[in-house]
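Trainee: Based on these hints, arrange chains B and C on the given structure of chain A.
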Amino acid sequence: MPKTGMLVKISLAVVAAATIATVAVSAAGAARQSTSLSGAGSTFVQPLINAWTQLPSQSQSPFTKAKHITVTYGGGGSGAGVSDIIAKTVAFGASDAPLTSYATTCKTCVQTPWALSGTAMIYHISGVTKTLNMSGPVLAKIYLGTIKYWDDKAIKAINKGVSIPHTAITTVHRDSSSGTTYNFTDFLSHVSSTWKNKYGATTLIGTWPGNNVQAHGSNGVAAAVANTNGAIGYVDLWYGITAHLKYMSIENQHGRFVQPTLSSIAQASKLDTTPKADGTLSIVNPPNKTKYFGAYPISTYTYVDVQKHSGSKATPLKTFLLWAVTSGQSHAAANYFVPLPSGVVSWDKTHIKQIVS
Amino acid sequence: MRFGDLILQLVAGAAAFGVVVIVGVIAYKLVDGARLSISTFGLGFLVHQNTWDITNGHFAAGNFIYGTAVAGFGALVLATPLALGIAIYLSELAPRWIAGPVTALIETLAAIPSVILGFWGLYVLAPFLLSDVDPALHSALGFIPLFGTATSGSNLFTAIVVLTIMVIPIISSVSRELFLGVPTELKEGALGLGTTRWEVIRGVVLPYSRSGIAAATILGLGRAIGEAIAVLLVAGGGTQISANLFQSGNTIAARIASEFQGAQTALELASIFYLAVILLVFSFVVNLVARLIIRRSARRLGTA
Amino acid sequence: MSAVAPSPLIRRKDRLRRRKAVNRGMELLAMAAAAIGLAILAILVYKIVRNGAAALNWDLFTLGQIPDAPPGIPQGLANAFAGTLVIVGLAAAMGIPYATLVAIYLVEFAPRRVRNFISLILDVLMGVPAIVLGIFYYELLVLTTHTQRGLWGAIALATMMLPLVARSTMEVLLLVPNSLREASLGLGVPRWRTTLGVVLPQTMGGIVTGSILAVSRVAGEAAPLLFLSALGSTSVDWNPLHPLSTVPLAILGIAEGSPYPEDRARAWAAALVLMIFILVASLSARWLAARSRRKILGSAR
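Residue numbers (our numbering), protein chains in the order written: chain A, 14 to 370; chain B, 4 to 307; chain C, 2 to 302.
With the rest of the complex left out, here is chain A:
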């Protein structure tokens, strides 16, 4: 063989060594297995799942320390979670929208409510430092594109005394199938018949009206609102707080403008205290009764979806879900989730036993 040159020989040797090293390490990695669960879906519940399984590190997280099972969660939005659990590429899918709201749904899944929080309406207007009031019908008109500027009469009427500049409204929404979109549009459908007829409660709207921008995940919506003057968006409460964005006080059926707080969400949860047979609860826009006096109207439960027959993952899944609805709820308040009411917890405990291998 003719000489190939020292340098080329060295490069070849380096590449060969690197490839062998990579393959060897990969194989070693493949050999060492431990119990792990993978999940995807709702970004609404992601902060709580992180608190359970990722912080301060995956191995030192409360759940993994207690039960020696690692959990990897991919987010991606409720729709992705449902598609993934249907395709069985994950062990669990998380969705804020009930399975019945999806056109292609998981017919073999067990749906369990495992967290409770609210959808905050975040906004960013230069020059406005006060917390704005918002009512359902006005919010619907904003997202329908019929109200285009922040200083519109309708907005000013419910915010007397607040000076609002003539800034154009940019509505921020989710780019892919999202349970938070479902919760938001569910609320809008309850307060606006125009919205209900045009879009209804849905996880994904293809073409939004008006001046709109899309974002990826609840954290994307928060970032988009923070970066855009005149923007309004809907996110899980955690994202509004951590992005240091103001969120609106929404008018409930009692006529009060309520901020999303643990107690206002807890009041809303009194509307529906026992899950239906399929595991769903609806606590949106509670009616005008004294016990919902201070309720936050865009509150929602969020669900975990698991294949009824989960094979080898059934036991770790049951461990995870049981831990989540009991010990896990002690982490709820710190992450702006309301601990599950005891009625829901006991229903869940029985329900989770349905998961078999």
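Part of the chain B face toward chain A, derived, beta carbon under 8 angstroms:
no.	residue
1	Ile57
2	Thr58
3	Ser157
4	Gly241
Listed next, the in silico SDA-like pairs over lysine to any residue satisfying Cα-Cα at most 25 angstroms (straight line):
no.	chain 1	residue 1	chain 2	residue 2
5	B	Lys32	A	Thr117
6	A	Lys321	A	Ser355
7	A	Lys259	C	Gly73
8	A	Lys101	C	Thr145
9	A	Lys120	B	Thr58
10	C	Lys48	B	Tyr126
11	B	Lys32	C	Phe118
12	C	Lys21	B	Ala102
13	A	Lys259	A	Thr180
14	A	Lys78	A	His344
15	A	Lys101	C	Leu142
16	C	Lys14	B	Arg200
17	B	Lys32	C	Leu142
Hints were generated in silico from the structure; no laboratory data involved.
Even for Gly, the Cβ is constructed at its ideal location relative to N, Cα and C.
Mentor: Chains B and C alone, transformed into the frame defined by chain A:
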């Protein structure tokens, strides 16, 4: 002896035909995935606008085709003069000691991953365009509907600028090679007649390379249109068709990237595949046209 | 020059001056274009270096990601770096030998029409947008096996490398003079040994160059991996059978909306490392290419 030859030929041949198989399977799987949408909407899918209704099952690609066309051609309009200028400079005007390093540097632009360009576009370029460029353009040229006001830094204009940065090195490196390939006798002949350098470029180099430049711009267009990640990050994902470039917009590739996972209905998924088929057909046509142009001009110049 | 009847002469001089002015103007424009190109590169590099260098520390390479963790909790992007090494390494291990075989067939064995046809197909493959490859492989690999794996990402990247490496290998194979082949065959060396033992070693430089360029190109790709490996681990994982994160995927995830500037700083740092890798790769590939081209042309005596 013959046996070894046979083995090598078979193995290598299988590999080569495997390439054809891969492309065939890609085309098949995409068309198959899109079948439901193609049969439901036919070619009207390409034309109708403001229709992407998952609940009621009406889909059309009009808005995305519009956004893709605006972003792609916008990038071409900005990139081509710059790229040609760079190629002219590097091939005809720059002294050797500058041409070498600068060529390498410009080609480095091509190596920058699109996710980094998108990231930079989102956090550095977009705020700059929003706060400085749009007001200036709007006040100077606001009578043209293209230059409306921007409410967010994430808009089609930002996407156009980012795509321009991606496309410039493609067009400039191909053009530069073309200009360098112009026979020196032709250039020297013209110079001998007393023409200026620019007249040589305009009268000899550019016409000679005309088809190659056309092919290069078409390839650049193909690159711009296929780009998903960078556009996803900076275009804003808006679904309105509007003359205002500073409005948030979307392209086919970026829409596929954001909507594919978690598609809700079979018709929606098929429609996303239909979008992918459109993209695939387009890139196939782009490649074919570029190749034809190159082959035809090579034949014309007798170098086939 | 005649001093009589100045008009035509002066007009010619005027015209000349104007043409020279136009020439100068065009030269300046071309120079300006090059300057703009360089300025864009400079701005990009400056921002990446400035923001990235500030966040560069050992944590970045040793700790995994904790998405949405509040600031102050130490984290890094080690998972993304590990995943990139595994996925790109596997892609190269699969793609480069395959592409070399394809090139060998096309140059050494294929009749001209077959070569032209498969070359066309290679061009078509090169033009397939990365996102389309992603959804193709999702349907082909993920849905059928119900798994997301780093391995699928490696396959998709190998598919992207294929036309690049095949094309550059073909070019160097064609550069090897036929006299070399004929000499070897004339000595009685069988065809296959000639190809593998005589021709191929001559092209090693070119293959290495093309491979380095292809690897640096796919190392920065996120689109094909979005659906194949998106679940990506947050802690360091070397197992290609698991979903793995990569640097481009991690940057994309952070760009799409992390509420924390610390996450963004880490993304800049990862971008810096990726850029340095790609720059080093492309510069060394160019240098190697120039060197081996000199050698091959030199040996064709």
